[in-house]
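Student: Residue strings, one per chain:
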Amino acid sequence: MEPEIPESDIQTRNLRVLEALLFAAKEPLGAEDMHPFLSDNADLADLLDQLQQRYQHAGVNLVKRGEKYAFRTAEDLSFLLRRDDVEQKPLSRAALETLSIIAYHQPVTRSEIEEVRGVATSKGTLDVLMEAGWVRMRGRRRTPGRPVTYGTTLEFLDHFGLEQISDLPGLGELKGAGLLSSTLPPDFSVPKPVDGDLTPDEDPLEPDDTGDDLLSELEAANKPSDV
Amino acid sequence: MEPEIPESDIQTRNLRVLEALLFAAKEPLGAEDMHPFLSDNADLADLLDQLQQRYQHAGVNLVKRGEKYAFRTAEDLSFLLRRDDVEQKPLSRAALETLSIIAYHQPVTRSEIEEVRGVATSKGTLDVLMEAGWVRMRGRRRTPGRPVTYGTTLEFLDHFGLEQISDLPGLGELKGAGLLSSTLPPDFSVPKPVDGDLTPDEDPLEPDDTGDDLLSELEAANKPSDV
Amino acid sequence: MLTLRFFLRHDLFKQPNKANQMPFQDNDFTQQPEPPRQGVMYVDVKGYEGPLDLLLDLARKQKVDLAHISVLSLAEQYLGFIETLKERRIEVAADYLVMAAWLAYLKSRLMVPHDDEDEEPSGEEMAALLQFRLKRLEAMRDAAGKLVNRPRLGREIHMRGDPETIVTTKTKQWQATYYDLLRAYVIQREKALPKDYSVKVRTVWSLSEAEEILERLIGQSAEWVPLQSYLAEYLTSGEERQTALASSFTASLEMVRQGHIELRQSAPFSPLMVRRKRQSEGS
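Protein chains in written order, with my numbering: chain A, 42 to 268; chain B, 42 to 268; chain C, 16 to 298.
Honestly, the hints are just simulated from the structure, not real lab data.
This structure is a prediction, so every number in the text was calculated from the model and none was measured.
Ideal Cβ positions, reconstructed from N, Cα and C, are used throughout, including at glycine.
Where hints are given, some of them may not hold.
[Stated by the list, open to error] Okay, the calculated bits of chain C under chain B, using three or more residues with CB under 8 Å as the criterion:
| # | stretch |
| --- | --- |
| 1 | 88–95 |
| 2 | 193–203 |
[Unchecked claim] No farther apart than 30 Å at their CA atoms in a straight line, the calculated lysine-lysine pairs in the DSS-like style are these:
| # | chain 1 | residue 1 | chain 2 | residue 2 |
| --- | --- | --- | --- | --- |
| 3 | B | 216 | A | 105 |
| 4 | A | 109 | B | 67 |
| 5 | A | 67 | A | 105 |
| 6 | C | 187 | B | 130 |
| 7 | C | 187 | A | 130 |
| 8 | B | 130 | C | 101 |
| 9 | A | 233 | C | 161 |
| 10 | C | 161 | A | 105 |
| 11 | C | 101 | B | 216 |
| 12 | B | 233 | C | 206 |
| 13 | B | 105 | B | 164 |
| 14 | A | 67 | C | 185 |
| 15 | C | 206 | B | 130 |
| 16 | C | 150 | A | 164 |
| 17 | A | 233 | A | 105 |
| 18 | A | 67 | A | 216 |
| 19 | C | 187 | B | 164 |
| 20 | B | 216 | A | 67 |
| 21 | A | 67 | C | 161 |
| 22 | A | 130 | A | 67 |
| 23 | A | 130 | A | 105 |
| 24 | C | 185 | A | 109 |
| 25 | B | 67 | C | 185 |
| 26 | A | 130 | B | 67 |
| 27 | A | 130 | A | 164 |
| 28 | C | 161 | A | 216 |
| 29 | C | 101 | C | 161 |
| 30 | B | 164 | C | 185 |
| 31 | C | 161 | A | 164 |
| 32 | A | 130 | A | 109 |
| 33 | B | 67 | A | 67 |
| 34 | A | 67 | C | 206 |
| 35 | A | 67 | B | 105 |
| 36 | A | 109 | C | 161 |
| 37 | A | 216 | C | 206 |
| 38 | B | 164 | C | 206 |
| 39 | B | 130 | B | 109 |
| 40 | C | 150 | A | 233 |
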């Protein structure tokens with residue numbers, strides 16, 4: 042065998058490998074995408090930490106999105122790098138409000154969204170958000186009618202530059218003011234948004250579940266639409 | 042006006058902007074693409090030089106393509122961009138039969154294989170076995186037509202968990218395992234396979250020998266094929 | 016579905032987000048000088064997304080802080096607004112009328128002192144509920160505004176513009192088990208065996224042989240005779256004993272079934288007696 046490679050060289054190589062992998066990829070990478078290319082027993086968290094520090098003041102930063110990592114251009118350069126031409130179609134007010142209600146109240150059902158907005162949500166609004174990849178169907182609530190629950194995605198975090206859902210702007214104040222409860226009275230315990238695993242009152246979706254919601258379809262038919 | 046920004050800060054900022062621009066660019070950037078984002082009087086060549094040095098030992102390098110610049114994965118890490126996808130496929134019956142005959146009767150020529158099988162063996166079948174790495178051309182038999190002799194490889198032993206080729210079960214063991222019926226003609230025998238050096242009636246293959254076998258090609262054309 | 020369209024003076028509704036405005040009066044509609052024809056515009060439901068949206072707009076015009084709005088005057092404003100629409104023969108969606116009914120009820124509850132025996136929620140509770148809903152809607156609107164104004168990916172923040180493609184090479188990995196290999200060999204070797212080799216003959220009485228022998232030995236004997244005594248000559252050789260016994264016993268059963276002979280055994284393990292069946296008894 043060859044003489045043993047010094048520890049620091051292994052470190053350097055691991056860092057370079059991570060750098061290359063993360064630079065080459067468009068989407069954030071998870072541990073499972075990176076581990077296979079590192080030396081055995083590599084401390085991924087520590088390596089990512091080192092890389093994050095190395096790029097802290099650079100023009101690109103290593104950012105965390107959920108449990109994944111990606112290189113993104115530095116936030117403070119945003120005014121310089123702003124590209125207005127890319128936004129295909131600005132979100133409608135209804136879609137934007139629905140998105141923020143889902144983000145702050147998740148897991149949330151369609152009728153809960155409607156309760157906050159005071160108006161029926163057209164199916165089209167949710168479709169737009171799901172097509173953008175920002176909203177997903179999480180499961181079904183264990184209540185009569187078994188309504189679909191909605192939540193945000195990793196792409197949502199990535200698009201809006203959030204490390205985790207608890208970094209949503211103003212989340213703390215909203216919670217403090219009791220404004221994140223979907224049901225009354227407000228002085229009861231206030232839920233905090235969860236975009237991860239299913240909560241105890243959610244059932245997983247069946248693979249062939251198209252998300253049709255019998256109950257809210259019926260309800261929607263009796264309300265004015267927002268389209 | 043604001044107080045003047047120190048020269049070094051302008052430098053740092055220019056470098057960060059370049060970094061971000063080159064990272065986000067869809068194709069290599071020329072001077073005209075970068076200049077508008079830099080401070081007036083910025084020395085682009087010098088900045089690119091600095092950036093190139095900074096990334097010299099990193100996992101990504103700043104490379105020059107014609108008169109344009111781009112970040113690219115360091116050449117020694119290019120393996121990271123190649124992924125091997127292994128597709129597991131069961132061996133066809135014809136290939137399995139051919140393989141077993143080669144295993145027991147090696148060194149064996151194609152026409153000898155055909156004699157046992159009773160059908161012509163297509164070149165494709167042997168190719169599959171050689172591609173799998175289980176069969177190799179050993180040499181050429183010292184008989185008219187000088188047919189190629191085939192044998193098994195180390196990978197063959199590895200795959201089937203054999204320590205040596207002589208561990209293949211003999212007549213008694215095959216009977217004992219119930220694989221062979223116990224009523225066989227007295228002259229029925231199972232050969233003792235040998236996968237080592239060339240036997241006295243084998244010539245080594247010339248380095249440029251592609252293994253084409255004129256005689257057995259002709260023979261094969263006159264027999265029903267197994268494909 | 017109802018299409019909700021208002022004819023409204025657009026200057027009234029143009030700045031729904033501007034909080035610092037004159038307190039909104041329900042008679043604003045009539046008191047403002049009627050502008051010329053072009054001042055009247057066609058406002059569809061996109062102007063207001065339902066009654067809650069309209070209420071929130073009215074509330075914002077009342078006070079900056081939703082915590083201190085007068086729900087009573089808000090209710091009055093809303094009801095006045097709906098009334099105005101009706102007077103102008105504008106079709107109002109059911110939702111707005113439901114809210115109007117609820118607010119009218121709220122108004123009455125607020126003006127009547129609360130009775131402790133009453134099961135219904137008090138006016139104050141109903142007002143708090145409305146206030147909560149308005150605050151929550153406003154909070155979500157603010158949040159949406161903050162969210163959408165964050166530096167966003169693809170606009171202010173960028174990902175790698177020219178991601179390096181990953182080339183995947185597919186390799187086939189052939190699978191075969193050791194057992195498959197041995198089976199494949201054995202099957203071929205057996206298939207190649209010459210078909211004319213002879214099997215070593217074993218001494219076995221076939222059923223038809225046994226039946227033939229019994230038929231001959233029993234003959235026309237109508238007496239009960241132990242089966243074994245008929246077979247005595249065959250039972251001496253060890254090799255033939257087992258097959259002679261087994262086959263003749265089985266054959267005898269068959270012969271009974273066919274009505275040729277009769278069998279009798281007086282006790283377990285006692286000799287098996289056999290005789291030719293008499294024809295007269297059979298019919």
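Student: Hints first: check each against the structure and report whether it holds.
Tutor: Hint-by-hint comparison with the structure:
1. With a cut-off of 8 Å between beta carbons, the stretch 88–95 of chain C has 0 residues touching chain B; three or more are needed, and the interface restraint is violated.
2. For the stretch 193–203 of chain C, the assignment as covered by chain B holds, since 10 residues bring a beta-carbon within under 8 Å of that chain's beta-carbons and 3 suffice.
3. Taken as a hint, the residue 216 (chain B) and residue 105 (chain A) pair is broken in the structure, with Cα atoms around 64 Å apart against an allowance of 30 Å.
4. Distance hint between residue 109 (chain A) and residue 67 (chain B) is fulfilled; the C-alpha atoms sit about 23 Å from each other, no more than 30 Å.
5. At most 30 Å may separate the alpha-carbon atoms for a hinted pair to count; residue 67 (chain A) and residue 105 (chain A) meet this at roughly 14 Å.
6. Of the pairs offered as hints, the one joining residue 187 (chain C) and residue 130 (chain B) holds, with about 7 Å between alpha carbons and a cut-off of 30 Å not exceeded.
7. At most 30 Å may separate the alpha-carbon atoms for a hinted pair to count; residue 187 (chain C) and residue 130 (chain A) exceed this at roughly 45 Å.
8. Taking the CA atoms of residue 130 (chain B) and residue 101 (chain C), the gap is near 76 Å; set against the 30 Å cutoff, the hint is violated.
9. Our distance criterion of 30 Å between C-alpha atoms is met by residue 233 (chain A) and residue 161 (chain C), whose separation comes to about 18 Å.
10. For the suggested pair residue 161 (chain C) and residue 105 (chain A), the alpha carbons sit about 21 Å apart, so the restraint of at most 30 Å is met.
11. With a C-alpha separation of about 100 Å, the suggested pair residue 101 (chain C) and residue 216 (chain B) falls outside the 30 Å cut-off, and the hint is violated.
12. Restraint check: the Cα-Cα separation between residue 233 (chain B) and residue 206 (chain C) comes to about 20 Å, which is no more than 30 Å; the hinted pair holds.
13. For a cut-off of 30 Å, the pair hint linking residue 105 (chain B) to residue 164 (chain B) is broken: about 48 Å separates their Cα positions.
14. A C-alpha spacing of about 23 Å is found between residue 67 (chain A) and residue 185 (chain C), which places the hinted pair at or below 30 Å, so the restraint holds.
15. Our distance criterion of 30 Å between C-alpha atoms is met by residue 206 (chain C) and residue 130 (chain B), whose separation comes to about 27 Å.
16. For the proposed pair residue 150 (chain C) and residue 164 (chain A), the alpha carbon gap of about 25 Å is at most 30 Å, so the pair holds.
17. At most 30 Å may separate the alpha-carbon atoms for a hinted pair to count; residue 233 (chain A) and residue 105 (chain A) meet this at roughly 21 Å.
18. A threshold of 30 Å between alpha carbons decides the hint, and for residue 67 (chain A) with residue 216 (chain A) the separation of about 34 Å lies outside it, so the pair is violated.
19. A hinted pair counts as satisfied when its Cα atoms are at most 30 Å apart, and residue 187 (chain C) with residue 164 (chain B) qualifies at roughly 18 Å.
20. Distance hint between residue 216 (chain B) and residue 67 (chain A) is unfulfilled; the C-alpha atoms sit about 61 Å from each other, more than 30 Å.
21. Restraint check: the Cα-Cα separation between residue 67 (chain A) and residue 161 (chain C) comes to about 26 Å, which is no more than 30 Å; the hinted pair holds.
22. Of the supplied pair hints, the one linking residue 130 (chain A) and residue 67 (chain A) holds, its CA atoms being roughly 22 Å apart against a limit of 30 Å.
23. Between residue 130 (chain A) and residue 105 (chain A) the CA atoms are separated by roughly 27 Å; this keeps the pair inside 30 Å, and the hint holds.
24. Between the alpha carbons of residue 185 (chain C) and residue 109 (chain A) the distance comes to roughly 27 Å, so the proposed pair stays at or under 30 Å and holds.
25. Note on residue 67 (chain B) and residue 185 (chain C): the hinted pairing holds, with a Cα-Cα distance of about 28 Å set against a maximum of 30 Å.
26. Of the supplied pair hints, the one linking residue 130 (chain A) and residue 67 (chain B) holds, its CA atoms being roughly 22 Å apart against a limit of 30 Å.
27. The hinted pair formed by residue 130 (chain A) and residue 164 (chain A) meets the criterion: a straight-line CA distance of about 18 Å does not exceed 30 Å.
28. A distance of roughly 16 Å separates the Cα atoms of residue 161 (chain C) and residue 216 (chain A); the hinted pair therefore holds under the 30 Å criterion.
29. For the hint pairing residue 101 (chain C) with residue 161 (chain C), the CA-to-CA distance comes to about 38 Å; that exceeds 30 Å, so the pair is violated.
30. Proximity of residue 164 (chain B) to residue 185 (chain C) is assessed by CA-CA distance (about 22 Å); at most 30 Å being required, the pair is judged to hold.
31. At most 30 Å may separate the alpha-carbon atoms for a hinted pair to count; residue 161 (chain C) and residue 164 (chain A) meet this at roughly 25 Å.
32. Of the supplied pair hints, the one linking residue 130 (chain A) and residue 109 (chain A) holds, its CA atoms being roughly 28 Å apart against a limit of 30 Å.
33. Distance restraint check for residue 67 (chain B) and residue 67 (chain A): the Cα-Cα separation of roughly 12 Å lies within the 30 Å cut-off, and the hinted pair is therefore satisfied.
34. For the given pair, residue 67 (chain A) sits about 59 Å from residue 206 (chain C) by alpha-carbon distance, which is inconsistent with the 30 Å threshold.
35. Straight-line distance between C-alpha atoms of residue 67 (chain A) and residue 105 (chain B) comes to about 22 Å, which keeps the hinted pair within the 30 Å bound.
36. Simply put, residue 109 (chain A) and residue 161 (chain C) have alpha-carbon atoms about 24 Å apart, close enough for the 30 Å limit, and the pair holds.
37. This hinted pair does not check out: residue 216 (chain A) and residue 206 (chain C) have alpha carbons roughly 80 Å apart, beyond 30 Å.
38. Only pairs whose Cα atoms come within 30 Å are accepted, and residue 164 (chain B) paired with residue 206 (chain C) is accepted, the gap being roughly 23 Å.
39. Pair hint residue 130 (chain B) plus residue 109 (chain B) does not hold up; C-alpha atoms about 46 Å apart against a cutoff of 30 Å.
40. Distance hint between residue 150 (chain C) and residue 233 (chain A) is fulfilled; the C-alpha atoms sit about 18 Å from each other, no more than 30 Å.
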